[in-house]
Structure formats: structure tokens, C-alpha cells
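Chemist: For reference, the chains in residue letters:
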Amino acid sequence: MTHTTCSVLIVGAGPGGYAAAIRAGQLGLETIVVESAQSGGTCLNIGCIPSKALIHAADVYASVVRSASDNGELGIHSENPRIDLATTMAWKDGIVRRLSTGVDHLLAKAGVQRIQGWARFLDGKTVAVDTSDPDAPRTIRANHVILANGSRPVELDDLPFGERVISSTEALVLTAVPERLVVVGGGYIGLELGTAFSKFGAEVTLVEASEQLLPSFDAEIVRPVARRAELLGISVLTGTVVTGMAASGAAVNIKAGDGSTAELPADRVLVTAGRAPLLEDWGLEELDLKRNDSFVRIDERCRTSMSGVFAVGDLTGEPMLAHRAIAQGRLAAEVIAGKRRAWDKVSVPAVVFTDPEIVSVGMNPEQAREAGIDTLEGRFPYTASGRALSMADTDGFVRAVARADDHLVVGLQGVGAGIAELSAPFALALEMGARLEDLADTIHAHPTRSEALHEAAMHALGMALHL
Amino acid sequence: MAIFEFRMPDVGEGIAEAELVEWLVAVGDAVQVDEPVAEVMTDKATIELPSLVAGKVSWLGGSPGDRIAIGAPLIRFQVDGPGTVTSESTPPELAPEPASAPPELAPEPATPAPSIGDSTLHKGARASSDAPVVPVPASAGSSHPVGRPIASPAVRRRALESGIDLRLVRGTGPVGRIGHVDLDRCIDCGAPAAGISTVANTAVTDVRVIGLRRMIAERMSLAKAHIPHITYVEEVDVTEVERLRQSLNNRHSVEQPKLTLLPFLVCALVRAIAEHPELNAHFDDDAGVVHQYGGVHVGIATQTLKGLVVPVLRHAEARDIWSCAEEIKRLADVAKEGKLDRGDLSGSTITITSLGALGGLITTPIINYPEVAVIGVNKMQIRPVWDGNNFIPRNMMNLSSGFDHRIIDGWNAASFVRRIKALLEQPASMFIEGA
Chain C
1 MTHTTCSVLI
11 VGAGPGGYAA
21 AIRAGQLGLE
31 TIVVESAQSG
41 GTCLNIGCIP
51 SKALIHAADV
61 YASVVRSASD
71 NGELGIHSEN
81 PRIDLATTMA
91 WKDGIVRRLS
101 TGVDHLLAKA
111 GVQRIQGWAR
121 FLDGKTVAVD
131 TSDPDAPRTI
141 RANHVILANG
151 SRPVELDDLP
161 FGERVISSTE
171 ALVLTAVPER
181 LVVVGGGYIG
191 LELGTAFSKF
201 GAEVTLVEAS
211 EQLLPSFDAE
221 IVRPVARRAE
231 LLGISVLTGT
241 VVTGMAASGA
251 AVNIKAGDGS
261 TAELPADRVL
271 VTAGRAPLLE
281 DWGLEELDLK
291 RNDSFVRIDE
301 RCRTSMSGVF
311 AVGDLTGEPM
321 LAHRAIAQGR
331 LAAEVIAGKR
341 RAWDKVSVPA
351 VVFTDPEIVS
361 VGMNPEQARE
371 AGIDTLEGRF
381 PYTASGRALS
391 MADTDGFVRA
401 VARADDHLVV
411 GLQGVGAGIA
421 ELSAPFALAL
431 EMGARLEDLA
441 DTIHAHPTRS
451 EALHEAAMHA
461 LGMALHL
Chain V
1 MAIFEFRMPD
11 VGEGIAEAEL
21 VEWLVAVGDA
31 VQVDEPVAEV
41 MTDKATIELP
51 SLVAGKVSWL
61 GGSPGDRIAI
71 GAPLIRFQVD
81 GPGTVTSEST
91 PPELAPEPAS
101 APPELAPEPA
111 TPAPSIGDST
121 LHKGARASSD
131 APVVPVPASA
141 GSSHPVGRPI
151 ASPAVRRRAL
161 ESGIDLRLVR
171 GTGPVGRIGH
181 VDLDRCIDCG
191 APAAGISTVA
201 NTAVTDVRVI
211 GLRRMIAERM
221 SLAKAHIPHI
231 TYVEEVDVTE
241 VERLRQSLNN
251 RHSVEQPKLT
261 LLPFLVCALV
271 RAIAEHPELN
281 AHFDDDAGVV
291 HQYGGVHVGI
301 ATQTLKGLVV
311 PVLRHAEARD
321 IWSCAEEIKR
331 LADVAKEGKL
341 DRGDLSGSTI
351 TITSLGALGG
361 LITTPIINYP
371 EVAVIGVNKM
381 QIRPVWDGNN
391 FIPRNMMNLS
401 SGFDHRIIDG
411 WNAASFVRRI
421 KALLEQPASM
431 FIEGA
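So the protein lines, in turn, are chains C and V. Counting with my numbering, you get residues 1 to 467 for the letters of the first sequence. Counting with my numbering, you get residues 1 to 435 for the letters of the second sequence.
A couple of the hints might just be wrong.
FRET-style restraints, in silico, Cβ to Cβ [as the list claims (entries may be wrong)]: (1) Arg170(V) to Glu377(C): 21 to 31 Å; (2) Ala108(C) to Pro277(V): 29 to 39 Å; (3) Pro277(V) to Gly338(C): 30 to 40 Å; (4) Glu370(C) to Val21(V): 30 to 40 Å; (5) Asp133(C) to Asp34(V): 16 to 26 Å; (6) His105(C) to Leu168(V): 39 to 49 Å; (7) Ile210(V) to Gly338(C): 18 to 28 Å; (8) Thr2(C) to Ala287(V): 54 to 64 Å; (9) Arg157(V) to Val241(C): 40 to 50 Å; (10) Gly418(C) to Ile210(V): 45 to 55 Å; (11) Asp281(C) to Gly347(V): 28 to 38 Å; (12) Glu377(C) to Arg157(V): 48 to 58 Å; (13) Leu168(V) to Trp91(C): 35 to 45 Å; (14) His105(C) to Leu355(V): 49 to 59 Å.
Everything labelled a hint here was simulated from the structure, so no lab data went into it. Heads up, the beta-carbon is just placed ideally off N, CA and C, and yes, glycines get one too.
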């Protein structure tokens, strides 16, 4: 077969692409998705999922090491724990394989045709497919196109990727723990992976150009994470930039804010300087789409500037998060099927799997003030939580931000062990238009970490019980 | 010598393709910068595309009438300077396809994506291309919770689907939160809720659209979606034809069917079509061809218990008035019994619709797709008519007729209806050759 046609053509089977494909298939649209790698995209193969697996393994290992070193305050003793990273990686690969196969199964179940290959646009309705599958079509013409090409790690001019200088993709397949790891970029990817490798036993140095780790979060939220990093022995250099590899090839040159320079020995240099939309090699230039900076510009229905061409996911801007892409993919498919849909989300929750974890939904106090809102704020620290004490981890807190006049909740943030799971009640509260009273008057089960949400709302209302 | 490939530019109306209307150059022509090379048409305007380079035309990508996707190769030039392609390979041949969206999809009303093309492309625009400037709402990705109506996702979705702007709905919940109850009030009253005092009936009865009703719904949607209708209403003095009809009925024998007005209208239609064959036709808009038929097969819209059906009086041009009357009666009887077969229901080339005594003053009938004309018969009534000296009572009737305005101009429609009017007003002329 050389040419085929379909109603909906999706380029990329990452979270945005596969969600769009499944939904389009469910809606009875003849749908083809073209993917060059395994299904699941960055998230499933080289992002969220494998990194969470490694972070979990690192946490388990760290607690075992701790019980060996301090003779176990919980009364648990272990001796000579060691990490076999190759086995950890094999376990992680099994998880990835299982999920990726699961996506393929879901696509098939929805009646979606999946083509293994690389799609390149010839014009706004036609792609050529570079594929090794003899049965796959070489060109596809579609009535509607959804671009879900995704993103790639940013490469620094001064630190080109290679044997020693790696991106998150390579960090997730290392089979030996590097002795000295320099992480360039103190955003969430760098901090998550840096912390995991520190727990595996690497000597980690984190270099961040701005004055704070996790610059996209406020200082109050980041503080417990920075403190824990210090306790773990991670060396954090803020206000510092990496200027390149040292002449020896075994160290990086750094330059601090005061102009002083130094060399940092490194067996591996993990560059996590952010991600950029994947704009090359798929024929974007044939489409001449309008842009927002480097991102493809879309409207509230995920439509690009060209009729019949939609875009979802990392290609379309920040925040580059899988759950945003999934929501967009679903929306685009429904719009194509003629349903009236528009992006009307109050928030896209953000979670960071650092130690401790961070969750943020809606506006933080500073953002609310910048938006001209007179705010009420409430906080509940985990030091006052029975559940946190009983889990031997009392770092962190939950914070509620509401409008002072009518108590409408405009933001919920938290930092603490396992707090990513609170993204669900946080996001639900914002989407439902909850007032502080709604949170305060909902019974939260005791003893749980989620009680902190309840108490933070009551604190904002001036009636905290446990503070 | 290098090759410069000029691709179909985004002409800035959020379109995916444009129709090539005319080549203004031929292969071998030397072209200067800014010289128009082709005329393309979008649904808003005809636009002349100026050349971006000076060179010699080496290849043209299509023939007039082709729809060319934005970004597809349009024309190639041999240029002295650097080109855009190294070898003059022909682009991949793709089967041309109708550009319409698949029928199972109901695209949203076209709010043009706000994309403004290179302004030079608009220089040659002949028709108005002032696309409305649409404010860009928050794109699907960014969000800002302040200043928006407060409502749960389920309420927001329901409002969107019901076409209700939540900003206009008064929320009665805490914080002015809009709940389903507020939306109910809004939907019941067809207006944003504000100070409503009566108790609303919130009952909803779901009736499944199946069988004949579903088919009618599909056919009507198809016709309305595809055909830009023009409706033309004319008043006909039927006093004379009524007199003739009654006199014939008074003398009619047992074998002869009783005459209604319909066979007279059919006879008039056949005579008028002889002079206006373009009205007795099917428009195959996918192929871009109008099939004009010699035979006049008149669809007669007939109400049955289950709904509207359109049995076909075949070859009206070969029947006299009695034969027409006989066949119309047979079709009506079979239709009422619900026993019409496929043959009775297909192949009409023009349709008559009449609500009989209900008739109304004016109707806007929908064309029986893919025909190009439908003749609607309105109620007959005595009206005062000024004869130059006095008002005299005359038996008057309106014909409300619909035409496919893509094929039938207003002038043709008017001439056709006026011819029918003339024949009905002078019924003898219907039966005299050359009259």
C-alpha cells in the first residue's frame, strides 16, 4: 500500500497523541496515529514513569541505608545494603514496557490504526511516512490533523551531549551509579534525578543559574526541599553557571555570581536545562503555522492557524505536562467530532517528585497579590500532623490561598511526603469553585496527611483546631 | 540554473486549501517579481498571487478548478539566484479528493482562526476579505482563575453545549457560584436568568429520532446544509383554472378520476420546463455537474401518518391531464396505506409541495436534494383584486418556490414561476401547442 486516507491523523503517540487517538476512535472517527518510537511518548518511556520508578527505588534504598547507619530509630536494623542499579533499571524497563504495550492495546481497542514510522508533512493535509513496515502506507491524507510531536531536552552550546554529558534520557538508563554527578539546572527534572542519584550513593552537585532551586515555585514551598537536599549531602550551587567542560574532559568549569570560577570534577554531567518543543524534521516549515515564541500557537479549541490542523501537548507551550496534553488531546478529538468544547480549565496542577514532594494548583500568594486579589492565607505544618509523625516524616506544610472578600479558593499548594496525591482534591476544589468553608466543613479522615488541607482552610478562616 | 518552488501561501483566512481559478502565466514564460502568476479563490475572495522571484516558469502544479492545499507546490521557476530545490523532481502524485469535511462531522461554525497572511497577498483581493477580527481567548493551555464565572466543570460543559454564556448567568450559590439549578432556569427561559418569578417546568421528554423521521431529518439537513436556497413567491389568479376544473369534474365519467388543482399545476410545470430545462435537473456538487433531464419526474410531497414522503409521478411530459390525475391519486392512496415501493419514491427531478387547505400565505420549501427547484403551493382564497376600475373578488393562490441559487439565478427563477403563473391564469394555453 502506498497511499491511504483517514478522517483524523495524529502525529505522535505520547500522552497528547494517544489520548486524542483513543477519543477520536471512540467517537467513530477513522483515526491513524504515526509514532516512530514506543507508544507513550516522553512521559511513559523517558520521563515521568521511569523517573518515578527510579525515585521510588532510591527512596526505598535510602531508608534501608539509614536504618543501617543510625541503628534504626524505628527498631529496624539492616547490614551492608547495596544497590544493583542494573537490576533496578531492568525492573523499571519492565514497567515501561508494560505501560507502553497497554497504550497499544487501548489504541487497538478504540479502533485506531497505529503506524510505526516518522511522519513528515507535505502540506496541511498530507504526510509522507518513513517506515520500515512494508504494509504501512507511504503517504496519508487526512481531513483533520492533530500535531502531538512533543518536546526534547534542551542541549547547551557549551555542553554538547556526548559520553560524559547526558540528558535525562540517558540518566534513566545508566546501569552504574556515577561516583560524581554534576547536574546542570535546578529545575524539577534536575532536582528529582539529582536527589535519586544522591540516594543511590552518587556525590551530587547541583548547579543552578538563578538564586533559588526550582525557580518556578515560591521560596516558602521550596525551602523544605532545599533543606532536605542539604541533609542528603547534595551540594547546591545557586547563582552559578556552567561555562563548559574543563580541558581535562573530566570536570566542568563553573562561574559564580561574584565572577569567581572553579572546576567541578564530574564522572557524568546531567544537563537538565529544560525542554524545547520538537520543531525539526517533520515538515513544520510546510505548514507555516503561527507561533507563540517557539511554540505552535493554538486557540481555546486546540486549533492552529491552519484550518483542520490541531496541536496538543508540549508543542503548544508551558506547562509541558502529560496531564495537560491528555486533556488537550481529548478536547481536540471531541472538537473534530463536532462537539462544542473549549479549554476552560481553572488550573493545571503541577507536582514535583522531589524529597519531599511538591504540589501546586492555582495561584500562590504572590501571584494572587499580583493579580490584585486581597487574600486570606492558611497554613498547616506537618509537624502538627499525627499521621506525619507516625510516618517519621514531618517536613512540609499545606497552604490555602483564598479571596478575602468571598473566601473563594484561588490556590492550594503543599510540600511534604507523598503530597503529590493531594493534587486531586486541590484541583477539584479549584475546578468546583470551592470556598474555604467548603474545605473546612468537609470531614477529612483522621489520621491522614490530607487533614492538612482541612486545617489550612480552617487556619485561613481563623479557626484552626490543631495549631 | 536553480529552481525556485513557490508554494500555495496561507492566504490568511484560516483555510486549508484554495481553488486555482486561472493561471496567469504558462510554462516557459519569463516572470518578473510581483507579477501576478495565478488567481486563486477562497470562500471569501479571489486573490491574485504575485511572484516572489524573477525567473522562467518551468512547472505548473495543477489545472484551473483544482483545490490546492496550503503549502503544496504551486509553481516552479528557473531562477538565476539560489533556488529552493536542487533537482526538478515532480512532487508526489496524490489522488485529488473532494475537499469537503466528512458528512458524519458537524464542524463548528467557522470562526476563522486569527491568522493574517502576508499583506501583499491581499492586494489583488476583489471581494471583501475583511475577515472579522476575532479576539483570541485564552489558548488551551494557559489558565487564569480570576474574573471568570465560578461553576463546576459539569456546569461549564453543559452551558457550552447549550450555547449559554456563563458570564450572563446569575449564580445563586455561594460566591455567586453557578449551579445546575441556575442553568436550568436559563435554559427554560431561553434567556439568562435574572429575576424570574414563575415556576419553571423543567420536564424533558426524549423522543428518539428513528425510521422515517430520521431519514427526513437527514435529507432535510443534507439539503439545507448543501444548498443555498432562494425563495420566490408569486401570486396566481386561479379563478379561470378553477372554473375549468369544476366544469370538467361536473361532466366527468365514472372511469375518469376527479380532478384536483394538482394535475393542472403539473401540466403547467411541464410546459414551463420545456422553456426552462435548467429547472428540471440534479446538481451533483461533488462532481461539479448539473444533469438536466428530458423526462419530467415530479416528486409530490405527501403527508402520511408517519411523516412526509415524496412519491414520484414519472414522465409527466408524456401524460395528459387525466393520466396525471390518475397517477397522482394512485400514489396518494398507496402512500396513505404506507405501501409505496422504492420505484415510487425515487428518481424525481423536480418537486411540488402543498399543504392543501392549510397552505398558509407563504412557505419557504426545502429543495429535494439533489434537485434544483421545489414548487410550494399555498392556500387558495378569495381576495379583492383591482381590475383598473373596481375591486373584484378573484380566487387567488400563492406559489412559494425554492431554488438552488448556485445553479439558478433569481432571474431564471422569476421567469420560470411567471411562466407557470401565465399558464395557470390562461388555462387554455396549456393545451394549445405554441401558445
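Chemist: Each hint needs a verdict: does it hold in this structure or not?
Modeler: Now the hints, each set against the structure:
{"no.": "1", "hint": "Arg170(V) to Glu377(C): 21 to 31 Å", "verdict": "30 Å, holds"}
{"no.": "2", "hint": "Ala108(C) to Pro277(V): 29 to 39 Å", "verdict": "54 Å, violated"}
{"no.": "3", "hint": "Pro277(V) to Gly338(C): 30 to 40 Å", "verdict": "39 Å, holds"}
{"no.": "4", "hint": "Glu370(C) to Val21(V): 30 to 40 Å", "verdict": "53 Å, violated"}
{"no.": "5", "hint": "Asp133(C) to Asp34(V): 16 to 26 Å", "verdict": "47 Å, violated"}
{"no.": "6", "hint": "His105(C) to Leu168(V): 39 to 49 Å", "verdict": "45 Å, holds"}
{"no.": "7", "hint": "Ile210(V) to Gly338(C): 18 to 28 Å", "verdict": "20 Å, holds"}
{"no.": "8", "hint": "Thr2(C) to Ala287(V): 54 to 64 Å", "verdict": "25 Å, violated"}
{"no.": "9", "hint": "Arg157(V) to Val241(C): 40 to 50 Å", "verdict": "47 Å, holds"}
{"no.": "10", "hint": "Gly418(C) to Ile210(V): 45 to 55 Å", "verdict": "53 Å, holds"}
{"no.": "11", "hint": "Asp281(C) to Gly347(V): 28 to 38 Å", "verdict": "55 Å, violated"}
{"no.": "12", "hint": "Glu377(C) to Arg157(V): 48 to 58 Å", "verdict": "31 Å, violated"}
{"no.": "13", "hint": "Leu168(V) to Trp91(C): 35 to 45 Å", "verdict": "56 Å, violated"}
{"no.": "14", "hint": "His105(C) to Leu355(V): 49 to 59 Å", "verdict": "57 Å, holds"}
Checked against the numbered hints above, the structure breaks hints 2, 4, 5, 8, 11, 12 and 13 and satisfies the rest.
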